[in-house]
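With the working numbering applied, the sequence shown has no gaps in its numbers, which climb one by one up to 175 at the end.
All clues given are correct.
Straight line, CA to CA, 20 Å or less: simulated EDC-like cross-link-like pairs of lysine to aspartate or glutamate:
id, residue 1, residue 2
1, Lys-62, Asp-52
2, Lys-62, Glu-35
3, Lys-62, Asp-47
4, Lys-62, Glu-38
Hints were generated in silico from the structure; no laboratory data involved.
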Amino acid sequence: RRRGSLMLDELLPMTLSQGAARVGVEPLEIVRLMVGSDLVSPDLTVSPAQLDKLAEAGGIESGWWEGVAIPADTVAGRGVVRAALGILAARAASGPVRMDNLWRGRPLDDQDLIEQAVETLDEAGTLQIVNAPAGVQVMVEADGIQQLQAIAAGTESGGLDEIFQD
Numbered sequence: 010r011r012r013g014s015l016m017l018d019e020l021l022p023m024t025l026s027q028g029a030a031r032v033g034v035e036p037l038e039i040v041r042l043m044v045g046s047d048l049v050s051p052d053l054t055v056s057p058a059q060l061d062k063l064a065e066a067g068g069i070e071s072g073w074w075e076g077v078a079i080p081a082d083t084v085a086g087r088g089v090v091r092a093a094l095g096i097l098a099a100r101a102a103s104g105p106v107r108m109d110n111l112w113r114g115r116p117l118d119d120q121d122l123i124e125q126a127v128e129t130l131d132e133a134g135t136l137q138i139v140n141a142p143a144g145v146q147v148m149v150e151a152d153g154i155q156q157l158q159a160i161a162a163g164t165e166s167g168g169l170d171e172i173f174q175d
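Modelling step: build the complete structure from the supplied sequences, incorporating the hints.
Listed below in structure tokens is the structure:
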């Protein structure tokens with residue numbers, strides 16, 4: 010996107026699929042947020058301004074992976090999971106975060122591994138996954154930040170070994 014000049018298509022309403030692709034979620038999530046924000050249009054389109062409001066209301070953020078170095082690891086995929094949990098540990102002080110922000114923009118294989126890791130750590134009591142009006146959120150339990158940091162550093166497995174086995 011160029012600063013200072015808008016392209017015509019950036020001003021026109023988008024279909025739900027186009028809007029969803031622009032912010033990195035499924036079209037159904039856009040509908041859910043539209044209903045929750047009372048921004049449903051009769052033709053089920055969304056303007057760029059509405060899309061920005063929906064993304065903000067839903068806590069949809071991109072760019073979490075910009076500048077993040079993925080640690081080298083002897084197990085395929087584990088470095089990506091370690092990096093994701095490091096990101097989560099750094100953001101945990103701000104409270105619950107939208108869970109899919111953790112993997113937005115990553116390849117599908119990475120997304121699956123990160124989601125499995127979060128679910129495993131939820132079962133272990135390190136994290137808590139909750140449904141909220143803004144979407145599925147993940148919170149770090151009080152003593153979980155240190156464990157996330159240890160997993161991110163590679164000094165602890167956190168019970169995640171099973172997700173890396175074929």
